[in-house]
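**Student:** So the chains spell out like this:
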Amino acid sequence: MAVKRKSDSVKFADLGVSQQELLRYYGDMLLIRRFEERAGQMYGMGLIGGFCHLYIGQEAVVVGMQAALKEGDTIVTSYRDHGHMLAAGMDPKGVMAELTGRRSGYSHGKGGSMHMFSREKNFFGGHGIVGAQVPIGTGLAFAHHYRGNGLICVTYLGDGAINQGQVYESFNMAALWKLPVVYAIENNRYGMGTSIDRASARTDLFHRGMAYGIPGEQVDGMNVLAIYEAGLAAAEHARSGQGPIILEMMTYRYRGHSMSDPAKYRTRDEVNRMRTEHDPIEQVRHRLLEDGANEAQLKQIEGEVRDRVAEAAQFAQDSPEPDPAELWTDVLAEA
Amino acid sequence: MATEVLMPALSPTMTEGKIARWLKSEGESVRAGDVLAEIETDKATMEVEAIDEGVLAKIVIPEGTEHVAVNTPIAVIAENGEEAGAAENIAPASRAPQETPVKAPRPSPPPATSTITQRAVPPETEYTGKTRTMTVREALRDAMVEEMRRDDTVFLIGEEVAEYQGAYKISQGLLEEFGARRVIDTPITEQGFTGLGVGAGFAGLRPIVEFMTFNFAMQAIDQIINSAGKTRYMSGGQMSCPIVFRGPNGIAARVAAQHSQCYASWYAHCPGLKVVAPYTGADHKGLLKSAIRDPNPVVFLEHELVYGESFAVPDDPEFIVPIGRARIARPGEHVTITAFSRMVKLAMQAAEELQKAGISAEIIDLRTLRPFDVETVVASVKKTNRIVAVEEGWPFAGIGSELAAIMMEECFDWLDAPVKRVAGKDVPLPYAANLERLAVPQVEDIVAAAREVAYR
Ligand SMILES: Cc1ncc(C[n+]2csc(CCOP(=O)(O)OP(=O)(O)O)c2C)c(N)n1
Ligand SMILES: [Mg+2]
Numbered sequence: 015m016a017v018k019r020k021s022d023s024v025k026f027a028d029l030g031v032s033q034q035e036l037l038r039y040y041g042d043m044l045l046i047r048r049f050e051e052r053a054g055q056m057y058g059m060g061l062i063g064g065f066c067h068l069y070i071g072q073e074a075v076v077v078g079m080q081a082a083l084k085e086g087d088t089i090v091t092s093y094r095d096h097g098h099m100l101a102a103g104m105d106p107k108g109v110m111a112e113l114t115g116r117r118s119g120y121s122h123g124k125g126g127s128m129h130m131f132s133r134e135k136n137f138f139g140g141h142g143i144v145g146a147q148v149p150i151g152t153g154l155a156f157a158h159h160y161r162g163n164g165l166i167c168v169t170y171l172g173d174g175a176i177n178q179g180q181v182y183e184s185f186n187m188a189a190l191w192k193l194p195v196v197y198a199i200e201n202n203r204y205g206m207g208t209s210i211d212r213a214s215a216r217t218d219l220f221h222r223g224m225a226y227g228i229p230g231e232q233v234d235g236m237n238v239l240a241i242y243e244a245g246l247a248a249a250e251h252a253r254s255g256q257g258p259i260i261l262e263m264m265t266y267r268y269r270g271h272s273m274s275d276p277a278k279y280r281t282r283d284e285v286n287r288m289r290t291e292h293d294p295i296e297q298v299r300h301r302l303l304e305d306g307a308n309e310a311q312l313k314q315i316e317g318e319v320r321d322r323v324a325e326a327a328q329f330a331q332d333s334p335e336p337d338p339a340e341l342w343t344d345v346l347a348e349a
Numbered sequence: 004m005a006t007e008v009l010m011p012a013l014s015p016t017m018t019e020g021k022i023a024r025w026l027k028s029e030g031e032s033v034r035a036g037d038v039l040a041e042i043e044t045d046k047a048t049m050e051v052e053a054i055d056e057g058v059l060a061k062i063v064i065p066e067g068t069e070h071v072a073v074n075t076p077i078a079v080i081a082e083n084g085e086e087a088g089a090a091e092n093i094a095p096a097s098r099a100p101q102e103t104p105v106k107a108p109r110p111s112p113p114p115a116t117s118t119i120t121q122r123a124v125p126p127e128t129e130y131t132g133k134t135r136t137m138t139v140r141e142a143l144r145d146a147m148v149e150e151m152r153r154d155d156t157v158f159l160i161g162e163e164v165a166e167y168q169g170a171y172k173i174s175q176g177l178l179e180e181f182g183a184r185r186v187i188d189t190p191i192t193e194q195g196f197t198g199l200g201v202g203a204g205f206a207g208l209r210p211i212v213e214f215m216t217f218n219f220a221m222q223a224i225d226q227i228i229n230s231a232g233k234t235r236y237m238s239g240g241q242m243s244c245p246i247v248f249r250g251p252n253g254i255a256a257r258v259a260a261q262h263s264q265c266y267a268s269w270y271a272h273c274p275g276l277k278v279v280a281p282y283t284g285a286d287h288k289g290l291l292k293s294a295i296r297d298p299n300p301v302v303f304l305e306h307e308l309v310y311g312e313s314f315a316v317p318d319d320p321e322f323i324v325p326i327g328r329a330r331i332a333r334p335g336e337h338v339t340i341t342a343f344s345r346m347v348k349l350a351m352q353a354a355e356e357l358q359k360a361g362i363s364a365e366i367i368d369l370r371t372l373r374p375f376d377v378e379t380v381v382a383s384v385k386k387t388n389r390i391v392a393v394e395e396g397w398p399f400a401g402i403g404s405e406l407a408a409i410m411m412e413e414c415f416d417w418l419d420a421p422v423k424r425v426a427g428k429d430v431p432l433p434y435a436a437n438l439e440r441l442a443v444p445q446v447e448d449i450v451a452a453a454r455e456v457a458y459r
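Residue numbers (this note's numbering), protein chains in the order written: chain C, 15 to 349; chain D, 4 to 459.
Isolated chain C (complex conformation) (with noise of 0.2 Å):
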């Protein structure tokens, strides 16, 4: 069982990744990070309600675990969603939708910001309760070893969802079956306002399989190609029959656990410094420049991102509430 740390910044060149992918993988991030902008725009003008925890921050995470995958892999996480579902390729204006409540919403409105999914597009959730995301993707992966289909599930958890109970069952389960499952933890250092420090005994949770003999690796979660290099080297594990391994990712959100978190306990000091030494996207956009991407081609990216979000923030104020009849339906399946 291999337990390593890793932080160093990775050679991208002999990742094989060309300045076509990075410019994609520029684009995803910057996606994500525009539409977390623009949703947090509309919580403030009243028209997203409840509860809307942003990614921004974290966008290398999603993009890079994203680009390690096969067609049909799935991927579970938790109420922090929004990027995850746009890395998997859901339409931004059917996730916006969702957020303001309307009908052309994932979840019809039913289910709002926490709580959305995607058949098409492998995305089971998008789940309210910390932790129980994490069973249920190990029972995702579960399916694939039934199957027998060279399929891997993707489970994302936090950093205050490692100390759930049912994370260790999961563990035990899966490292027992061997199911191909990589749980990916995002260690943003907070669950809510509670550091790390202050909630684990342990802060380096890439150990947190060691019990289990599930080999883990921390990550350098700012750099999408850390995580797509960490990321293609764990689903080779998952998908070979070696069972769960985990990778924690160290990353960073950079604005409120939810809407409204007065952030009392950190420092604007030390976000500060995670956005101007760390940002997942202002690295990429360096190593495109210094690789000879021009200008241009950034600014092209980045004027159809904000196309992209404008449209669906429209499409999400356009779209009708839904039908008062819907309050009734999608209970239980017809028999």
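None of these hints come from the bench; they were simulated from the model. Just so it is clear, the structure is predicted and the values come from calculations on it, not from any experiment. Please note that the accuracy of each hint is not assured.
Under the rule of at most 35 Å between Cα atoms (straight-line distance), these lysine-lysine pairs were calculated in the DSBU-like manner [claimed, not checked]: (1) D:K348 - D:K428; (2) D:K46 - C:K278; (3) C:K278 - D:K21.
Assemble the complex: chain C is given as a structure, and chain D with the ligands must be docked to it using the hints.
**Tutor:** Frame of chain C, contents of chain D with the ligands only:
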């Protein structure tokens, strides 16, 4: 082009707030993420960040202003390089939702109501084929065997279901026939294997999750209700979870409080689940087969003290009993007695006693608790004008309480006596043999209740 900064809603309940402090002054340039102002909401003091970069061209609402309504313009940001005067040339930020209807993505659904009662229960055809006498234990096993032969996606998972052959010997022979791929011993890890089952169900498999007893399912109830029960609704019908949660429920014999509880009303409370609690061998078999084929999560409540009872059970592998129909276990004239699971047996015995006293009791075996067969019970009470609701569980907010409410709503003018409940006593179940007997409904309690409502 300049943009307005609007007073943001910073919590789910905020409608107005106070501008506590401006941290940038007019003319200062700002970057995305810079704090512009501090705002006091109904809950806390929060910071407002700039979304784009530019110049703070104008502060519209000065600091110290209270009761600023959400969505009021509080400042103007001009793009970098823009004249300060650009503040005059403002693109108004979009505000209230505009209801320009787009084409509905799916047609309006037909009007419907709650799933407490079933909308369309398939008819129950009378079985005239061959039967075999067997125990409930064997009937349950046969149901699983037949469904597993029929559908490779069906599998059984739980503690001691495979090599041990079932803690209560329900899964005898399954491992031998279907192998370890489909008959899976788990660690003692209820929340884990329940959640795993739910995930497998979302992925299109049909898990049968066996709880050694339902007492232990309390460790997993979040996965049953929040994950299995609610996801279909929360996904707008996209996700299904065809899963059966089964195992013994209710009391056993002298195992005391933590191992003796009826969960019928807990699960029956929840939309998104179906709940079944049969008594006869045929119903155990037919309803378990229906539960396995059902596209929804089904909580299937068995009873340890019923496992060993023998009944004539249909032999035909196509025999099923639809979920959602009660069964008249014994027709009668003077009083309706409802029961489910083991209490049906006691109710039948009580009916014999009552007959001796000249009271003809109609026994209704509810079988399914959600959806609830209101029709059958109401029809019976309209005939007998009296009802006794029997259950093993506690009375408060129990199935009997629900029946009392249904009677008020549906049968008020037909009742000749108040609804009477016979339920377990409102205590954790005691160990001592005499106390245990006192805590659980007995035949004589049912007889006494029936005589009370019959005034005889
Ligand atoms: C079982 C449960 N307990 C508490 C909550 C409330 N809650 C929602 S998110 C959260 C913090 C989780 O933090 P983490 O797992 O680190 O994820 P992050 O928000 O950082 O993405 C809490 C306590 C919940 N939703 N579910
Ligand atoms: Mg966290």
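**Student:** The structure should be examined with respect to each hint, and the outcome stated for every one.
**Tutor:** To see whether the hints hold, each was checked on the structure:
no., hint, verdict
1, D:K348 - D:K428, "19 Å, holds"
2, D:K46 - C:K278, "13 Å, holds"
3, C:K278 - D:K21, "18 Å, holds"
The structure agrees with every numbered hint stated previously.
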